[in-house]
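Q: Could you put the whole structure together from the sequences, leaning on the hints where they help?
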Amino acid sequence: MNAMTSNAEAFLRRAEALATPAWVGALRRQGVEALARSGLPNRRVEAYRYTDLTPVARAEFGAAPKALARPELPAQRGRARMVFVDGVLRADLSTLPPRPLSDAAPLLGTVENSATAPVAALNAALAEDGMFLDIPAGENAGLIELVSIVTEGAGPIAFHPRHVVRLGEGASVTILETCEGPDGVGYLHNPVFEVVVAEGATCAHTRIQREGQGAYFLSSIHARIAAGGTYDNFTLNAGAKLARNEIHSALEGPKAACHMNGAQLVGQGQLADTTTFLHHAAPDCASRQTYKSVLTGNGRGVFQGKILVAQVAQRTDGYQMNQALLLSEDAEMDAKPQLEIYADDVKCSHGATIGALDENQLFYLRSRGIPEKAARAMLVQAFLTEAVDGVADETCRAALDEAVMGWWQGVAA
Amino acid sequence: MPAVTETIETVQSVAEGGYKWGFETDIEMEFAPKGLNEDIVRFISKKKNEPGWLLEWRLKAFAIWQKMEEPDWAAVNYPRIDYQDAYYYAAPVQKAKPKSLDEVDPELLKTYAKLGIPLKEQAILAGVEGAGESPSDAAEGGRMPIAIDAVFDSVSVATTFKDRLEKEGIIFCAISEAVQNHPELVRQYLGSVVPQADNFFAALNCAVFTDGSFVYIPKGVKCPMELSTYFRINAKSTGQFERTLIIADEGSTVSYLEGCTAPMRDENQLHAAVVELVALDDASIKYSTVQNWYPGDAEGKGGIYNFVTKRAACRGKRSKVSWTQVETGSAITWKYPSCILQGDDSVGEFYSVAITNNRQQADTGTKMFHIGKNTRSTIISKGISAGFGQNTYRGLVRIGAKATGARNFTQCDSLLIGDQCGAHTVPYIENRCISAKVEHEATTSRIAEDQLFYCRQRGLSEEEAVGLIVNGFCREVLKELPMEFAVEAQKLLQISLEGSVG
Amino acid sequence: MLKIEGLTAEIDGKQILKGLDLEVPAGEVHAIMGPNGAGKSTLSYVLSGREGYEITGGSVTFHGKDLLAMEPEERAASGLFLAFQYPVELPGVGNATFLRTALNAIRRQRGEPELDAMQFLKLARSRMKELSMPEDMLKRGVNVGFSGGEKKRNEVLQMALLNPSLAILDETDSGLDIDALKIVSEGVNALRGPGFSALVITHYQRLLNYIVPDRVHVLVNGRIAKSGGKELALELEAHGYAEVAA
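Chains as they are written, first to last, in the numbering used here: chain A, 58 to 470; chain B, 1222 to 1723; chain C, 3 to 248.
Honestly, the hints are just simulated from the structure, not real lab data.
Treat the hints with care, as some may be off.
Said to hold, decoys possible - Stretch-level coverage of chain B by chain A, calculated; a stretch enters the list once three of its residues show a Cβ under 8 Å from a Cβ in chain A:
1) 1638-1652
2) 1659-1666
Said to hold, decoys possible - Counterexamples of contact, computed for chain B against chain A with all Cβ distances above 10 Å:
3) K1267
4) N1270
5) L1276
6) I1285
7) E1405
8) R1486
9) I1592
10) K1594
11) I1601
12) S1635
13) I1655
14) S1656
15) N1692
16) L1718
The beta carbon of each residue, even a glycine, is placed where N, CA and C say it ideally should be.
A: Take a look at the structure:
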């Protein structure tokens, strides 16, 4: 292994030191090899042209504390939940009976790029645990919560959970994932999801990322969707110093669908990057993406979205929109929407806009007596509405609205 | 519009299926030895009788080029180019500038006739002094005169209407002549927009460029006629490396056209041009291209590799540069005509139609750098893919922190004809200014069955119907072309798509 | 109620208002007519506090207070309402939310109790009925997908809800058919009374058949060139601005 030439040396050394049970061996090998090859990319690598991961490679991370913390948990909103504290799965705090990740061994690393793209490879090399949600055919699992909390005393830990969600034919589930942690600590949360949606199944996944202001959040979601299945993702990205949200979806059977929406709320000292990759690999599939970024302070927002339509994917209907609102002089937004199309009977489009709040709209509201601050809040809210409206589940929607409001109050204060 | 009609007729008359400009002219040529090294650079410079500073400039570029790697980021595939297996200098043997039509090599004349350049201008093109230079001649047929600089392989063989333009203080000549007669202008501006180290192909061009056009429009002058350069690659195994430099001084206006063709050969030939435009305060440059280099045959054999660097500096306040291109030719097109919008209130525009049929590959687009305040840019790109063609739009819009009030609007549309081709869109949008506004839209679609059926029910053949719909798809771009070019370009689109239906 | 003295204003360095004097007493409706470019819209924006206009001289008092020193929302709270010539679309902002937020913001600034959702809906529905507006307009985004007539009716609905003491109608008649014109005019006339004044800015005499003014002013080249009774509007219609204002 020529591991030592990579800038991910420290991570690779940690991977070597880990106990490697047989069920995780193949995944770890793939991860280590890929990571040794690519390291954590800098801006010279095209896919990272706006987001440099070198700071993560340079940061020093410690081991999780031995003593188990007992943080105060928010009230449970779903039917059941699984709780991770400081990166450790806590059966004692979870209401969902945990299923060992080793049961998911045959699935690990099988969804496109889920072991080899740099963010996923970092996870593959170091994953030890995660949630395995296995919904049998025809079952509606309701709302499942996945909670990750980093506690005040945990220090700069690094954790790499690998979550596997498998839905049998016609099954359905709604996942509400929340990620939180203390400000001012440079910890790393590096979750990877592998989602396998069988024929006619539906997975709706809402993520609320409110990691601490000093944290690194490197996430990668990989979904494979069979005929007639649906994977919906909404990501609210409000925390972390550096956040990279990758979503790779493959529509593999006819009439599969994927909706990927999200909002990035980016403030002083933050960089938020959403990178989506949608692979239309079967005919008659539809995909919809709406991403909104709101930037304040010297916040930097990045959106990269690629729609790839393979030659077999005739009658593809693909749409992608990304819009950014700059609220300060020092903010910056970089966008790279991309279409790569090899089928002729397709309808694909993307749009992008970057600009400030519309002065006409602001004046109109103020002329009706609404104070400037409230008028701005109203317009920002309206801007986000188009993306948030895609979330059908009321509990998830309420959680999102609350998180957006909380963020805005923090900014406006 | 006699010129247009004649051109179309000529185009049709030489038609033998496929590419209509693919004939070869048998003419006595002078070559530099094959290959590329410092001696070749010195040979070219000596041949052109260049001053020492220019030779030094070329040698520096050559040294830079040797250290550079050929870029691989574009979505084009081609076998490695052997830069030592080509001629870098080829020119028709010509003693002195011919004084009358009789002195011009008849083969050269035939070439222009076959290319469909109208008769009157054909005489002019071959370098006959005096012909067609009176305004009454020019106005004949009710059309504007067009001054033409013809570049045959590596050299400019003729420039027309020079005297008439000189009366206005306009300089329009081969760049090799400008080096002799206006060295101060050339030295001031050459490489000021595209520096030697800009990219691999530009560096190569800096080292070995042989000819091209030079235009200078003095302060306050509106150029009274279209200026045009006609590029023709003829010789085998030669690269063509022309260099064009256009300077529009304060308050001046110019419209410039460029056309190009090459013989059908089963080898690939390299064309690596550099075009630099400079617009000062209140100046306006309109640069139109109809690129029709030989695209190779249906199996992808032969064709021109077109690696071109085109860039404009809108240095002055309220200056404006508009690029319009119709790209139908070449096996590979790699080209991003760009604007650096430095002057406050300056404007950049890019209108493009690119067609790839058979095995053609095009990776083309633009870059708009917004630096000055209230700078505006518009990008309209129409890509059409047929056969096994691959067509990529690649563009960058960058708004700097100080470009307050900047605006960009981008529209990229792709049309697919057939299920073996590809259409790709890769825009980069970077905004660091709160008061700037950027809008980008892109669509990909195919010709709808009901559109085709509607046309055919009205009696059009399928190919005619496709041609009609494609022309409609490109209308926003074609209307930006000078009128005479627009009609030719429409015809060209149709010809380029022949065989793509059914 | 409204007193404008020697008002001069410019936009992008170009002077538009060149010493405008105008007084609108309480309870009166005044019409301002004038050719394109005379400064009619500038006047309405300057009075409502839009950014981008530089006041270079003169004064405006409204209920005895310095209007020009106030923020746009303060002007609204003190009773000034502008019906926009081109009402702005607010995608994502529901019409009901918008109207209630505005109404309560103004009530709060006036020291009145806020209305809860039910109270508001009741009030809005009754006003909408008067203006023949379909109820689903409350659910739609503000002015999004509204026809020209619907937008103008929405302006009048807002006026009826916010209950101003001075309404400025900036070419409210433009783009309206005769039925819509009647409904809009009835909406304005319903508010007329001792505590309500209006400044009706228009090109055409037509609107003034429905909203009959107490005074008519001719605005030419940034100044009031002539003032008179309602018959002045007919005179303008018959002879044109050039002749009447000369």
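Q: It remains to establish, for every hint, whether it holds in the given structure.
A: Results for each hint:
no.	hint	in the structure
1	1638-1652	holds (count 15)
2	1659-1666	holds (count 8)
3	K1267	holds (41 Å)
4	N1270	holds (43 Å)
5	L1276	holds (35 Å)
6	I1285	holds (20 Å)
7	E1405	holds (40 Å)
8	R1486	holds (30 Å)
9	I1592	holds (16 Å)
10	K1594	holds (14 Å)
11	I1601	holds (15 Å)
12	S1635	violated (7 Å)
13	I1655	violated (4 Å)
14	S1656	violated (6 Å)
15	N1692	holds (19 Å)
16	L1718	holds (14 Å)
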